[in-house]
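Participant: Listed below are the residues making up each chain.
Number of protein chains: 2
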Amino acid sequence: MSLLVVGTVAFDAIETPFGKTDKIVGGAASYISLAASYFYRNIHLVSVVGDDFPQTFLNTLTGVGVDLQGLQIKKGEKSFFWAGKYHNDLNSRDTLETQLNVLATFDPVVPDNCKAPDFLMLGNLTPEVQQKVIKQLTAKPKLIVLDTMNFWMDIAMDELKKTIAMIDVLTINDSEARQLSGEYSLVKAAQKILKMGPKTLVIKKGEHGALLFNKDEVFFAPALPLEDVYDPTGAGDSFAGGFIGYLAKTKDISFENMKRAIIFGSAMASFTVEKFGTERLIGLTQKDVDERVQEFIDLVQFDISLV
Amino acid sequence: MSLLVVGTVAFDAIETPFGKTDKIVGGAASYISLAASYFYRNIHLVSVVGDDFPQTFLNTLTGVGVDLQGLQIKKGEKSFFWAGKYHNDLNSRDTLETQLNVLATFDPVVPDNCKAPDFLMLGNLTPEVQQKVIKQLTAKPKLIVLDTMNFWMDIAMDELKKTIAMIDVLTINDSEARQLSGEYSLVKAAQKILKMGPKTLVIKKGEHGALLFNKDEVFFAPALPLEDVYDPTGAGDSFAGGFIGYLAKTKDISFENMKRAIIFGSAMASFTVEKFGTERLIGLTQKDVDERVQEFIDLVQFDISLV
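If you read the protein sequences in the order shown, they are chains A and B.
With the numbering used here, letter number 48 in the first sequence gets 48, and the count goes up by one each step, no holes.
Residues are numbered in the numbering used here as their position in the second sequence, beginning at 1, plus a constant of 307.
Next comes chain A alone, as it looks inside the complex (with noise of 0.2 Å):
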């Protein structure tokens, strides 16, 4: 068994109401990667970074059990680098710098030992990328998870539609899946979207939670009430990284389980959402992790039976 993570490794520098960073360590791909090495240790990262990367954040993904023979790292070039600011309410953000470095020429290579993963999550990525990435693979995984933006929407519908058709569960926002659908009502959009080719979607609602539909089911999922957010970068992310390290740990990808991972992923968002960057994702213990869930369980239980 194993699981195979694309997407960036990058720097951000991130401005909240609640302060600033300089450049720090980001990218889908880093959080997601120690996200899901709280629940499997088989982990293949793919992706690219520049010599200016850290080692020590490296050593940290190895240290959780991420093989890193798929991390191109190229001489003389710069990682890929976002700065952005949070509006007030965490909810939006401007864009305040985008340096696409390495990222510009990135040409994904899946190592021969991770050719037939058992699991596939592709971070957020050109559609074309995603692509050739599937294209890679000698078997089909078990299931492929796809995160995107509304970004490549506005400039690669088409391809990204394609790129959809190829894959298993697709995990957007509301406001994305509105405009991937072209319907107000997220019930709409959700039946529209799993014609493209998903059998299941999850749509993500930041604070306001996740549903997870297939085309019989929904199930929503909460996200915890928090005293302080003080960075939402790499919510989603830590969340798709809980989701599949989750399935990946339990073999199961019966909606019911997904269920479950859908509740993983969200307690391990809100504890990226507590610091600014990866900080609050590294050197969690089991019991957090547990004690996290547990709040969640306590959050929407409720006892009602119905004669």
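Among the hints, erroneous ones may be present.
[Said to hold, decoys possible] Residues from chain B that face chain A, not an exhaustive set, calculated with beta carbons under 7 Å:
#1 S492
#2 L493
#3 V494
#4 K495
#5 H515
#6 F527
#7 P529
#8 P532
#9 K566
#10 R567
#11 D597
#12 L606
#13 V607
#14 F609
#15 I611
Note that these hints are calculated values from the structure, not bench results.
Every value quoted in this text rests on a predicted model; they were computed, and no experiment measured them.
We treat Cβ as the ideally placed atom computed from N, Cα and C, and that holds for glycine.
Mind docking chain B on chain A? Use the hints.
Facilitator: For chain B alone, kept in the frame of chain A given last:
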């Protein structure tokens, strides 16, 4: 045992992306009474209308067990009228017209037969009028629930805070909780508001569900993802009506039972928004209500055992 409901009985004219109504029956107390009547049948109403108000709707209320002795019908005067237009997302609206009419001089008189109710639901009204009702009671109710809105925070915050100090459960929406407390985090907002008097706070988040707080606990109830939402008017009042109706029926004001009450309240709100005005709240069967509540149970039910 009895439940006293105070609030407007009025006319609305509503425009949503899905259509437009002429003058139809609305008002907080109309929605509250109808929703509560599915759980509890000893309801007394205190309100005011003009002689332009349709007797047919009053018959509907008496038909579901609402005592109208406390309803003042002002000869030669007109009922309160509100006209509003919802934006495309249905989460915000503009007031097009407000005619206070009989409400301008409303002096509530609690009839002798309900001066000692076990449950009191104060629907949205001037804080002063809400206080006047409490002061006419001859015994302290088991539970006083109060609904209010940002309008009173803008123009009568001091009076509102005095009223809030006299009650047990406050129901407001998320932006009102932020305005009342001056805190953005809903967890912090709740802690501050619970120091103002109420032992329990319900924060309504519309399509994003509702949060229930006391000093030590928190519970989250989802909203049902609906295919079509025609008209959000009255959703909060229907929620409050289902909530207090269920509490009155079960005579149990523990936090555990309030969780159940919030689910029943959410179910009633989910009916209301499916049609314009009060239409959907009239003539539901026990089976309709049970099936809807079952949908809430199915929506959030998951099974995680932490070892």
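Participant: Take the hints in turn and mark each one as holding or not.
Facilitator: Against the structure, the hints:
Here the hint on S492/B is kept, as its CB sits about 6 Å from the closest CB of chain A, short of 7 Å. For L493/B, the interface hint holds, since its Cβ comes within 7 Å of a Cβ in chain A; the closest pair sits about 6 Å apart. The closest approach between the C-beta of V494/B and any C-beta of chain A is roughly 5 Å, which is under the 7 Å cut-off, so the hint is satisfied. A least Cβ separation of about 6 Å between K495/B and chain A falls short of the 7 Å threshold, and the interface hint therefore holds.
Because the beta carbon of H515/B sits about 4 Å from the nearest beta carbon in chain A, less than 7 Å, this interface hint is met. Against a cut-off of 7 Å between C-beta atoms, the interface hint on F527/B holds, since the closest Cβ of chain A lies about 4 Å away. Restraint check, P529/B versus chain A: the minimum CB separation of about 4 Å is within 7 Å; hint holds. Because the beta carbon of P532/B sits about 5 Å from the nearest beta carbon in chain A, less than 7 Å, this interface hint is met.
With 7 Å as the threshold, the beta carbon of K566/B comes within range of chain A, its nearest partner Cβ sitting at about 4 Å, so the hint holds. The restraint placing R567/B at the interface with chain A holds, with a minimum CB-CB distance near 5 Å, inside the 7 Å limit. At its closest, the beta carbon of D597/B sits 5 Å from a beta carbon of chain A; the interface hint therefore holds under the 7 Å criterion. Checking L606/B against chain A: minimum C-beta separation of about 5 Å stays under 7 Å; hint holds.
With 7 Å as the threshold, the beta carbon of V607/B comes within range of chain A, its nearest partner Cβ sitting at about 5 Å, so the hint holds. Given hint, F609/B at the interface with chain A, holds; its Cβ is 4 Å from that chain's nearest Cβ, closer than 7 Å. Checking I611/B against chain A by beta carbon gives a least distance of about 5 Å; that is within 7 Å, so the hint holds.
In summary, this structure violates none of the numbered hints.
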